[in-house]
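Asks: Top line first, the protein sequences correspond to chains A and B. Residue numbers for the first sequence follow the UniProt record's numbering, so the first one is 1 and each next one is one higher. Residue numbers for the second sequence follow the UniProt record's numbering, so the first one is 1 and each next one is one higher.
Incorrect hints may appear among the rest.
Said to hold, decoys possible - Chain A residues, not near chain B, derived (Cβ > 10 Å throughout):
1) Val17
2) Val68
3) Gly118
4) His144
5) Val151
6) Phe173
7) Leu237
8) Ile265
9) Ala273
10) Ala278
11) Arg280
12) Pro287
13) Trp289
Stated by the list, open to error - Pairs of lysine to aspartate or glutamate, EDC-like flavour, derived with a Cα cap of 20 Å:
14) A/Lys49 <-> B/Asp109
15) A/Lys121 <-> B/Asp15
16) A/Lys121 <-> B/Glu261
17) A/Lys49 <-> B/Asp180
18) A/Lys121 <-> B/Glu181
19) B/Lys192 <-> B/Glu261
20) A/Lys281 <-> B/Asp15
21) A/Lys49 <-> B/Glu116
22) B/Lys135 <-> A/Glu38
23) A/Lys121 <-> B/Asp103
24) B/Lys130 <-> A/Glu38
To be verified - Which residues of chain B face chain A? A few of them, derived with a C-beta cut under 7 Å, are:
25) Ser91
26) Val106
27) Met108
28) Tyr115
29) Tyr156
Calculated from the structure, these hints are not laboratory results. Don't be surprised by glycine CBs; every beta carbon is placed ideally from N, CA and C.
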Amino acid sequence: MSASAIESETPDAPAPVSDSQTFRRAFKDLRDGLNQRELWLSLGWQDIKQRYRRSVIGPFWITIATGVQAAAMGLLYSALLNIPLKEFLPYVTVGLIVWNLISASILEGSEVFIANEGLIKQLPSALSVHVYRLVWRQVLFFAHNFAIYIVLLFAFSIWQNMSWTALAAIPAFVLIVANTLWVSIVFGIFSTRYRDIAPILGSLTLLLFVLTPIMWTTQALKDQGGQAMERVRLAELNPLYHYLEIIRAPLIGADQQAYHWYIVIAFTVVGWAVAILALRKYRARVPYWV
Amino acid sequence: MSQPVSIHTQNACVDFPIFDAKSRSLKKAFLGKAGGSIGRNDSDVVVVEALRDITMTLKEGDRIGLVGHNGAGKSTLLRLLSGIYEPTRGSASIRGRVAPVFDLGVGMDPEISGYENIIIRGLFLGQTRKQMLAKMDEIAEFTELGEYLSMPLRTYSTGMRVRVAMGVVTSIDPEILLLDEGIGAVDAEFMKKARIRLQKLVERSGILVFASHSNEFLAQLCNSAMWIDHGQIRMQGDIEDVVRAYEGDDAAEHVRHVIKEMERENTP
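Just chain A, same shape as in the assembly (with noise of 0.2 Å):
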């Protein structure tokens, strides 16, 4: 009975073909994921709760962390820059939250399947669970730290010269997610395999962080005019000042222009097509690498 048990294939069957590097794959991948959203829900959840066990005030120790900084860099580059604190704190908080998000994606997402290295060698499930679960822990730090930004709504009444355009923020911050997600699968990828990728984003963000207009404003550099309006064509080169624009503008009330989202749609696109040829062609090789 046993030896039949196991047979080997009869010799006239055609070899089957492996179907590892497809794109139906790639695709069943990120819906598999989405199909276990019970488990990245909860254990992104876990992730911040954890962080903050037998602390009294837990997880607002995160939005507290992030005013104090915000209030900080308000206060002093409003001097700095001479600007009204009225002005530039609301338009620093944004500016820190959302950068919090972008660049927790960069450096995160390079280390997330590293950082699960354990489960993917022992459990089989789709690898965009560990995107999903890095993307909605960030997005509950984003939902901690909105919180500043709605006392300040109010204490410096922004409301008022608001108007039914800051609901752009909505598909803004949905643009801005849809890019934490390829961001984290393509450099998750890559800096698997290549484990100088992580320690180059790392040096890489913060120089991005200093030449983003978090702490500074592109006006600022404009009124000063000369050299320094040829500066502002450089600071349009990055592509995170449009990041931060299409979803900060909305937010503090300010006029924003439209080529903002034409260049965030168009990396979203480029950038998702990228994703997906690297989940074609090395989504299986992820284990062999971690």
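Mind docking chain B on chain A? Use the hints.
Replies: Here is chain B on its own, set in the frame of chain A:
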């Protein structure tokens, strides 16, 4: 289930790239000596061939035990069959919900309570939260931990953790069950209870692949065996025959004894 549970691999190979090995020196040192098990690929990276040309077909009702030396590729084969490692050459198609039981500790969080760990661990094994809540009483009873389940897992002893992990693992209904050895560290009384639950789990599951060094366990749970040697299938067939070829007559005699005893128990 629309499709029957099955596993089919055709000339599946698993090659691990070792990026931090100095490829040139290793190439000279090992090629030819170890039968090509360490070589290099076209991009000059050292690779270890963990499995080579694995062709097997498993279908509903198959209970197969893996034997072989340490490092022969048993655990890697289980990971190939679970879909964690997709073959680098050849193909593998796996139909059915897989429950791998390799490391009882993976996916357990020391900071959260036993109850929460049971749910999370269940989610990892493809169950839903609802299903796990329905099974909670039964699992809690099996672990015999009582009130302790609401304490953080870090306060548990190793044996208590194994109880929780075993409780979850044996509560699910997998279509393909992949068991790796290393189920120990519990007292004899509990082991007896766990063994009964494990046997029931095996009966519920469609396919079992079990890697173990314990011939007794093998004889109790499986109906055929496979000998893995140097990443290849060396022999497959009756448990008794495979064990005889692998370990000699004494071990085979023991297997025959265990099987006879089980038959006696099953026929009252």
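Asks: Take the hints in turn and mark each one as holding or not.
Replies: For each hint, the structure was consulted:
1. Val17: A/Val17 not clear of chain B: closest Cβ-Cβ about 6 Å, inside 10 Å.
2. Val68: With a cut-off of 10 Å, A/Val68 remains clear of chain B, as the shortest Cβ separation is near 26 Å.
3. Gly118: violated, 5 Å
4. His144: For A/His144, whose nearest Cβ neighbour in chain B is about 20 Å away, the distance exceeds 10 Å, so it holds.
5. Val151: holds, 31 Å
6. Phe173: holds, 27 Å
7. Leu237: holds, 34 Å
8. Ile265: A/Ile265 is indeed farther than 10 Å from all Cβ atoms of chain B, at 34 Å.
9. Ala273: Holds: least Cβ distance 23 Å, greater than 10 Å.
10. Ala278: Its Cβ never comes within 10 Å of chain B, the nearest being 16 Å, so this holds.
11. Arg280: holds, 13 Å
12. Pro287: Label violated. Min Cβ-Cβ 5 Å, cutoff 10 Å.
13. Trp289: With a cut-off of 10 Å, A/Trp289 comes too close to chain B, as the shortest Cβ separation is near 7 Å.
14. A/Lys49 <-> B/Asp109: holds, 12 Å
15. A/Lys121 <-> B/Asp15: holds, 15 Å
16. A/Lys121 <-> B/Glu261: It is violated: about 38 Å lies between the C-alpha atoms, which goes past 20 Å.
17. A/Lys49 <-> B/Asp180: violated, 33 Å
18. A/Lys121 <-> B/Glu181: holds, 16 Å
19. B/Lys192 <-> B/Glu261: holds, 16 Å
20. A/Lys281 <-> B/Asp15: Since the Cα atoms of A/Lys281 and B/Asp15 sit roughly 17 Å apart, the hinted pair holds (cutoff 20 Å).
21. A/Lys49 <-> B/Glu116: Roughly 13 Å separates the two Cα atoms, so the pair holds.
22. B/Lys135 <-> A/Glu38: holds, 17 Å
23. A/Lys121 <-> B/Asp103: Holds, because 10 Å separates the two Cα atoms, which is no more than 20 Å.
24. B/Lys130 <-> A/Glu38: Distance ~10 Å between B/Lys130 and A/Glu38 Cα, so the pair holds.
25. Ser91: Check passed: Cβ of B/Ser91 comes within 4 Å of chain A, closer than 7 Å.
26. Val106: It holds, given that the least Cβ distance between B/Val106 and chain A is near 4 Å, below 7 Å.
27. Met108: Check failed: Cβ of B/Met108 comes no nearer than 10 Å to chain A, outside 7 Å.
28. Tyr115: violated, 13 Å
29. Tyr156: violated, 17 Å
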